[in-house]
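*Asks:* Given the structure of chain S, go ahead and fit chain H onto it with the hints provided.
Taken in sequence, the protein lines are chains S and H. According to my numbering, the residues represented by the first sequence are 1 to 152, in order. According to my numbering, the residues represented by the second sequence are 1 to 269, in order.
What the hints contain is simulated information worked out from the structure, not anything from laboratory work. Careful: at least some of the hints might be erroneous.
[What the hints assert, rightly or not] Below, a list of computed lysine-lysine pairs in the DSBU-like style, where the Cα atoms sit at most 35 Å apart:
id: 1; chain 1: S; residue 1: Lys124; chain 2: H; residue 2: Lys110
id: 2; chain 1: H; residue 1: Lys110; chain 2: H; residue 2: Lys229
id: 3; chain 1: H; residue 1: Lys212; chain 2: S; residue 2: Lys124
id: 4; chain 1: S; residue 1: Lys124; chain 2: H; residue 2: Lys229
[Said to hold, decoys possible] Covered stretches of chain S, going by a simulated chain H footprint (3 or more residues, C-beta under 8 Å):
id: 5; stretch: 55 to 61
id: 6; stretch: 114 to 122
Cβ coordinates follow ideal geometry from the N, Cα and C atoms, glycine included.
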Amino acid sequence: MVEENKRYKAGILRSLWPHGFNIERYTYTLHRITGVILALYLIAHVFEIFHVALGPAAWQQTLQELGSLGIFEKIGLWIIAGSALYHGANGLRLILNEAFGMLLGKPVLPEYPYMPTSLSRSQKIAIYILTAIVVILWIWAGLYLLEGLGIV
Amino acid sequence: MKVRIRRFDGQKEWWQDYEVEAKPFTTILDILNYIRENLDHTLAYRHSCQMGSCGSCGVVINGKPALACQTRVGELKTDTLRIEPLYNYRVIRDLVVDLTDFVNKHRSVKPWMIRKNPQELEEAPSEFKVTPQQNLTFIQFDYCIMCGVCLAACPTVAIDPLFIGPQALAQAYRYIADPRDEGFEERIDVLDDSHGVWRCHFAGACSYVCPKGVDPAKAIQYLKKEILKFRLLRKRKKAVPPAEIVQKEPPPNAPKPPPFDFKFEGGVE
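Excised from the complex, chain H in its bound form:
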């Protein structure tokens, strides 16, 4: 099959064509690896885990941003592949893009647990209890692997590079929805901004291309709802306090654990 790759050497851009044999289950990353090993050693691209976990190999395949390791030739239903670097990012070389802005945007929403009393995190007297039902309200957004594919698909980032973007906003909602977090007021200045949630017009392209099912569009709409509720009604959920650990006595007929008897037989002389 014919593979067209958008090349960039720091000075100029051009399309380069390659002829590659591919089967329906061949992934785009397999094709890139084949090209670099056999046809053109100068081709630059990122990859690591080859199983959709690390989020390194995001590229645009036939106009749609996706992970190269998870996209198979058969599902594209075409004889010609067009591979480009992710849109809306500064290209460093060939298919390698600069993720500095992306990471800075992620950092700007403070994607970590915030408590009003930081002592509770430093010297927690016990764990913070979260029920399975509460866990379901944010666990979906915790699956983000930071591949950056959603920003490449977002039509708003295409015209406003200052827009925080779906990835960072979904991560903000992940912590805001977490019952252990108390950082809503700390994050709201970044979120409730002309380049924050209100710049999103719900095209849904981010959710459509997300390789992990994170659904950032949903998180952003929920964020808007939370911000409106806070601004109009001054209403916020109450965070859970650290739970008290209650040492329970085992039932009388519970089996006793086996005695600890372990001898280490290996070792270095």
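Chain S on its own, in the form it takes in the complex:
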């Protein structure tokens, strides 16, 4: 039947697939993915902190475990650090867009070939700057974690 047509809702994969679209759509996808990573980390973090309630011995043991992380745990921390950096920086850009109406341009009379001002040069420059800052800080975070392993 027509009502059973599954293509009524394009679905989460279509939602996260930015190929062929504008750069803001890529930032949207990355923002969603990093948001999910941070949400999962937050749950794990609360579980970790919960060991305080089990007494000093349990807390000391947790601290010892955190002090001697292996390479895979460090890579995990590096991904979380990158997620936090990107999500925070892109979040600041979105706050400028949404709460203050900045980087959007003014309403104009549409003229062919119809270049939307909300996706204009200033928006793209902001994206490139925040990406550059995030990449630099992420590399620095990686070096800091590798130093803890004695690799750097």
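*Replies:* Chain H in isolation, oriented as in the chain S frame:
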């Protein structure tokens, strides 16, 4: 060139291939017309004006929603065309989608002029004055032809069908930004909702695919700003009152209009 069309007959879906000759300036609508007239009479799709004014022929072309009449083969830079019905809509048949939800969402934001005193609209003593500068604040969003392409591109509508969507939100802002309108408080319950403006995360895909340059993403961000301003500061612009018509005397040396002398020579006996 090879054309792959996503077909749906009410029961099952399938891809059907056609071989069509096309030049760089051939539009996708020309190809669809050719297929229906010469290759397959059962192909269903919508079209009307063939010049990007009616908004009937929205389809997904190689993964990107667009108007079939405004998309040319040359700009796609490919030998294979994939044509699908618009995403995020219930498909009725082949490339024809059901726009009922879309129109209901549009209607839900009350896209018409609202005055606190409705008498002013019914029995307006004079016109409502809008300066060209004021006109520029909303005229861009007035260009919407309701083709529905923006909803097909929106990644949020893809996961939340209850989201009002960029088209309706842009139309809400069109009236809210209009200095003659006083309906902000009437619309705010629909807009300031979990399925309203706050569901938009500014992917900008709606503005990217809009065939008329309406820029719905910009309108939505402006709406968020207006709602925050209203909720936090209780600040709203004051609507213009009906203007008083002042009958001006013509200058003394102004040329006089020619006398009205018109004889109707046609007619039916």
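*Asks:* Taking the hints in turn, state whether each one holds.
*Replies:* Checked hints:
no.	hint	verdict
1	Lys124/S <-> Lys110/H	holds (34 Å)
2	Lys110/H <-> Lys229/H	holds (21 Å)
3	Lys212/H <-> Lys124/S	holds (22 Å)
4	Lys124/S <-> Lys229/H	holds (26 Å)
5	55 to 61	violated (count 0)
6	114 to 122	holds (count 6)
Consistency with the previously given hints fails for number 5 only.
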